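Novice: Relying on the hints, combine the two individually framed chains into one complex.
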Amino acid sequence: MIHLENVNKTYQGAQPLHVLKGINLDIDEGEFVSIMGASGSGKSTLLNILGILDNYDSGLYELAGVRIWNLSETKAAEYRNHMIGFIFQSFNLISFKNAVENVELPLFYQGVSRKKRHALALEYLDRLGLKDWATHYPNELSGGQRQRVAIARALITKPKIILADEPTGALDSKTSVEVMQLLKQLNQDEHITQIIVTHDPVVAEQTNRIIRIKDGVIE
Amino acid sequence: MELLNEIWQTAQRNKLRTTLTGFAVAWGIFMLIVLLGAGNGLLNATLKRSGDILTNSMEVYGGRTSKPYNGLNEGRWINLNTGDLTTTNSEFKKNVDEVGACYSTSATVTYGEEYMSMNITGVYPIHIKIDKRDMLYGRFINEIDLREKRKVIVLSNNQAKELAPKDYKTLIGKYVKVGSFAFKVVGIYKSRDDGESSAFSAYSTIKGIYGANTENLGSIEFTFHGLTTEKANDDFEKNYRRRLNANHQAHPDDESSFWLWNGYTQSLQMEQGITIIRTFLWIVGLFTLLSGVVGVSNIMLITVKERTHEFGIRKAIGAKPWSVLKLIITESVIITTFFGYIGMVIGVAANEYMDATLGHSVTDTGLFKATLFVDPTVGLDVCFEATMVMVVAGTLAGLIPAFKASRIRPIEALRAD
Chain A
22 MIHLENVNKT
32 YQGAQPLHVL
42 KGINLDIDEG
52 EFVSIMGASG
62 SGKSTLLNIL
72 GILDNYDSGL
82 YELAGVRIWN
92 LSETKAAEYR
102 NHMIGFIFQS
112 FNLISFKNAV
122 ENVELPLFYQ
132 GVSRKKRHAL
142 ALEYLDRLGL
152 KDWATHYPNE
162 LSGGQRQRVA
172 IARALITKPK
182 IILADEPTGA
192 LDSKTSVEVM
202 QLLKQLNQDE
212 HITQIIVTHD
222 PVVAEQTNRI
232 IRIKDGVIE
Chain B
1474 MELLNEIWQT
1484 AQRNKLRTTL
1494 TGFAVAWGIF
1504 MLIVLLGAGN
1514 GLLNATLKRS
1524 GDILTNSMEV
1534 YGGRTSKPYN
1544 GLNEGRWINL
1554 NTGDLTTTNS
1564 EFKKNVDEVG
1574 ACYSTSATVT
1584 YGEEYMSMNI
1594 TGVYPIHIKI
1604 DKRDMLYGRF
1614 INEIDLREKR
1624 KVIVLSNNQA
1634 KELAPKDYKT
1644 LIGKYVKVGS
1654 FAFKVVGIYK
1664 SRDDGESSAF
1674 SAYSTIKGIY
1684 GANTENLGSI
1694 EFTFHGLTTE
1704 KANDDFEKNY
1714 RRRLNANHQA
1724 HPDDESSFWL
1734 WNGYTQSLQM
1744 EQGITIIRTF
1754 LWIVGLFTLL
1764 SGVVGVSNIM
1774 LITVKERTHE
1784 FGIRKAIGAK
1794 PWSVLKLIIT
1804 ESVIITTFFG
1814 YIGMVIGVAA
1824 NEYMDATLGH
1834 SVTDTGLFKA
1844 TLFVDPTVGL
1854 DVCFEATMVM
1864 VVAGTLAGLI
1874 PAFKASRIRP
1884 IEALRAD
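Note that the protein sequences, when read in sequence, are chains A and B. Residues in the first sequence are numbered consecutively from 22, following this note's numbering. Residues in the second sequence are numbered consecutively from 1474, following this note's numbering.
Don't read these hints as lab results, they were simulated from the structure. From a predicted model like this one, the values you see are computed outputs, not experimental measurements. Possibly wrong hints are sitting among the right ones.
List time: in silico DSS-like cross-link candidates among lysine-lysine, alpha-carbon distance up to 30 Å [to be verified]: (1) K1642/B x K1657/B; (2) K136/A x K1799/B; (3) K1540/B x K1521/B; (4) K1877/B x K96/A; (5) K1778/B x K118/A; (6) K1799/B x K96/A.
Here are the simulated distance ranges between beta carbons [to be verified]: (7) Q1485/B x S111/A: 53 to 61 Å; (8) S79/A x L1763/B: 50 to 58 Å; (9) Q1482/B x N45/A: 40 to 48 Å; (10) Q202/A x Q1485/B: 50 to 58 Å.
Chain A residues, not near chain B, derived (Cβ > 10 Å throughout) [stated by the list, open to error]: (11) L84; (12) E94; (13) L162.
Glycine included, every Cβ here is placed at the ideal spot set by N, Cα and C.
Excised from the complex, chain B in its bound form (with noise of 0.2 Å):
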């Protein structure tokens, strides 16, 4: 109690000094969290977007032929077929598990005296687990409707809030009509914050009314398990293609005739880009606190320099070497703690105003539109850890100078000056 307020009294009368220690101490913790936390925003707004997606999935499109084989010219397009399908399903059973196909199309969709136009897509009941969506009312598409080829419809919350502007929620189990089609809505599910969305129904259904006259399958997705490599993804893929190729008379090393869209090349690309940011993060960062550590000590350093004469005079009058060297520490602690507190208190509100403003705003790139921050904050135990790495690296740095003062004969410390 003493010793603060002897800290207290020499803090009051020391104004600048205190205040540059504190500023340094309080700018280096407050530019760590708010580096941390943009770096962690941009880091789960990543991680959520690939969260969309289940890894171990791939989808398969047409493409065109870049290479001319067996007669036929390059710059063919290729669309899929049921007979690809078919080899999909029973070729590859090494690695595929379950395989669906989309049909997409748009017609205008009505209810009562509200109509939309939307894109409505034709899948298996698999599309929900590749493409993940939250479903929040009713049901996905199911294997009956896919048999029986009935006239059911998924909307998402967005088209669903147009159709039924007062209580959307309603919509299920009414009839809404798909051109000149009454489709029953079974379910609604929660669009994404990137806006786009799709309405669901039943594969055979809409191949049935929509692509009845035309051998193109749309699109191929499937699940898998066992690439675990980026040289067993690669080689199946090769695979695949040299199949496909066959199937469509293309080159089999042409790789441009399909377009292969793989989840798990995806998701490793995006985890090495993680880890790049992580590890960038991790450096700025370090060398943040670094700066700051240099910034304290460099204080501390001249605050014992300058103040040699006092220890002197004290140490004459009777102090003894450890209350100098507590003074010291004590007086470096509390100030560094006190202020890097006040850096953390501001760096997370930073923090916390960055995720009210950017973190909800949405940035349309053309391609996508995207949430550049997700939740960019830190958690409070690395708020704690900077702070107290730079409360005891400042202390460690203050200690030499103020050993070295505890230790000085009083004589010498009365002729400095």
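Only chain A is shown next, with the shape it has when bound in the complex (with noise of 0.2 Å):
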């Protein structure tokens, strides 16, 4: 599912910064990795880069078959919006909608007609046991309901992978298991590739395979 070679990263400034020094990384569909290290390891960036936020300087990056190289903006945001689910830390739910709302966006940039996605938003709500706060605003939630919100929005374009950047870093010790529990159960029941970036050993635990990564290269 995703295939990374020798993939090198650094950022200009003052004093350029070699962040990733050469990754090499594979992933196959159906996995449930974690990515952990040190803060300044390059774990972001990399996660940034998997997500096609990010540019790399040289190497190959494919993600299901799909050489992901020098991409224009546009097409960027395609791809992001069919392949890829993001899971962030702090939620990045738009204040001004409810919760069905923002679990619809996706969509809407799809081109889905309102009636179909509105639709889909909900059945997803249900199936996240959030169906009865629907047309609550982010602000009315509580950080484990946000989060589950963000997941729904992550999984209504039925994406190739699911990227999570620290999902339970904003949660309290209760709601990080429980939130754990539920990408882990989507992983299962659903097989769905899973890239979890963390510092926490308790959430990379969870997962099927940890990769670390220390100074920009994989240990």
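Specialist: This is how it looks when you write it as structure tokens:
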């Protein structure tokens, strides 16, 4: 599903920073993987590259057999929309949209009709146990509920992979466990490929494979 | 349709921002339209007043000498006489067309039980062309009246109403008593807003009855042609004064022995005044519009900045740069158009209100009565143009930050906040 070959990334600046120093990585379909590393190890950069949010300088990145290289913003947006579901640490829900509208949004950009995407969004919220909260705004939801809305939003386009950046980082330990349980279940029941970036060993242990990154290389 | 829904949602959930933007736009348009309306009212009133008198005409009155000449002291009163009329008629043929004279008197006019004291001016037929009047019924004084010294009278509708309150137009063809003479009413003209009105009769009649024992001719009026520049007018006036001064043994350069009223130079001055008002209106209007545009772009700038994080989310989940740009621009256009329209409607309503109140009130300056505002409104085309300018300018101003927002990389946008 994911194939990385000697991927390099340097942040240009007054002091050029070589963040990724030749990453080689293969992740198969249906895998439940975590990427671990200290802050500054390059794990977030790697996730951004995997999520086509950022470019890399050299090497090869193939996602579901498609080479990701030098894409236009428009093309990148299209790939993100169809192939990748994001889960962020700070949820990144749009504050003036209610739960169901937030979940609908990726389908809006696919041009799905209003009625259809609304029904689908409700269905996903139902599956995550949030049906009764569909018309609530993010500030009326708890952290765990917000993250579940974000998960529903990531799932609704049936992406090839789910990328989660510290999905439990802003949650208390009890909710963290619940969210991880949910992600694990999604992997088991629906074989959704998931990559979770974390620095929390408890979270990493839940996954089937741990990739450790240190100083821009995989250990 | 989907886009509109999206915008409606955003506007609804961000009421303060939407209201502020809307207020800036609506206020700008409103101010502009009210301002232009008031300016137009002023212009129209000025134009209307200047339209009352024929441009190519002059009126001449007697005055008082200001220079001693030929052994005669200054401060001598000078009256126009028949010699001056002949001079005007025969020696300035190059420019002067038709010459007339006016002689005024006041008399009590009686019709049945009703009577009123009024000013009666004996005139030549040319008078109605110079001092423009609208005839409501009947006719004005004509050549035959003048030649035969007919006792005819033309009343203003206000005077006619006083004399025959029930149905004043029945006065036509009837006789009224002017002093002890019976005059036939041949016409009724429309009084001006300023209320000043005189009855008219033939010059020869009035002069014959009321001014037979005096040399004083009254005043001279004439139409002219071929004086198209200010200099030509000045030269003509100088020449004319010199010639009349010679008739009365006054100093050739004495400028106060006669009083000249030149419709052309008056209208030139009026035009200059109008040009100044117009320019002023344009400048103030443009600045008002500009301040509106600045307000809109300011809010657009802040809006886009405030929403950078939101755009980051949208881009991360698949919004293309173009869809972000489209969202911002459509939103700005819709909001500015909507509120611009509201401002326009309120502005037009305010103008109509101004028209209904100030437009009909007559200001009494003591010397004369005048309407300050006439039709203080703005053409709908101007209203729409102004609104369009505001919408386009607001959008253009929003375009730069919008374009920036659409180009920003999603990770950077997500980091913002």
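Novice: Now, for every hint given, state plainly whether the structure supports it.
Specialist: Status of each hint after checking the structure:
With a CA separation close to 13 Å, the supplied pair K1642/B and K1657/B stays within the 30 Å bound. Restraint check for K136/A and K1799/B: satisfied, since their Cα atoms lie roughly 22 Å apart, inside the 30 Å limit. A threshold of 30 Å between alpha carbons decides the hint, and for K1540/B with K1521/B the separation of about 38 Å lies outside it, so the pair is violated. Between the alpha carbons of K1877/B and K96/A the distance comes to roughly 18 Å, so the proposed pair stays at or under 30 Å and holds.
Restraint check for K1778/B and K118/A: the C-alpha separation of about 19 Å stays at or below 30 Å, so the hint holds. For the proposed pair K1799/B and K96/A, the alpha carbon gap of about 17 Å is at most 30 Å, so the pair holds. At roughly 25 Å, the beta carbons of Q1485/B and S111/A sit outside the given window of 53 to 61 Å. For S79/A and L1763/B, the Cβ-Cβ distance of about 51 Å falls inside the hinted range of 50 to 58 Å, so the restraint holds.
With their beta carbons about 45 Å apart, Q1482/B and N45/A fall inside the hinted range of 40 to 48 Å. Between Q202/A and Q1485/B the CB atoms are about 37 Å apart, so this pair departs from the stated range of 50 to 58 Å. Distance check for L84/A against chain B: the nearest CB is about 15 Å away, which clears 10 Å, and the non-interface claim stands. Under the 10 Å C-beta cut-off, the non-interface status given to E94/A relative to chain B is violated; the minimum distance is some 5 Å.
The claim that L162/A lies off the interface holds: its Cβ sits roughly 16 Å from the closest Cβ of chain B, which is beyond the 10 Å cut-off.
Violated hints, in rising order: 3, 7, 10 and 12; the structure is consistent with all others.
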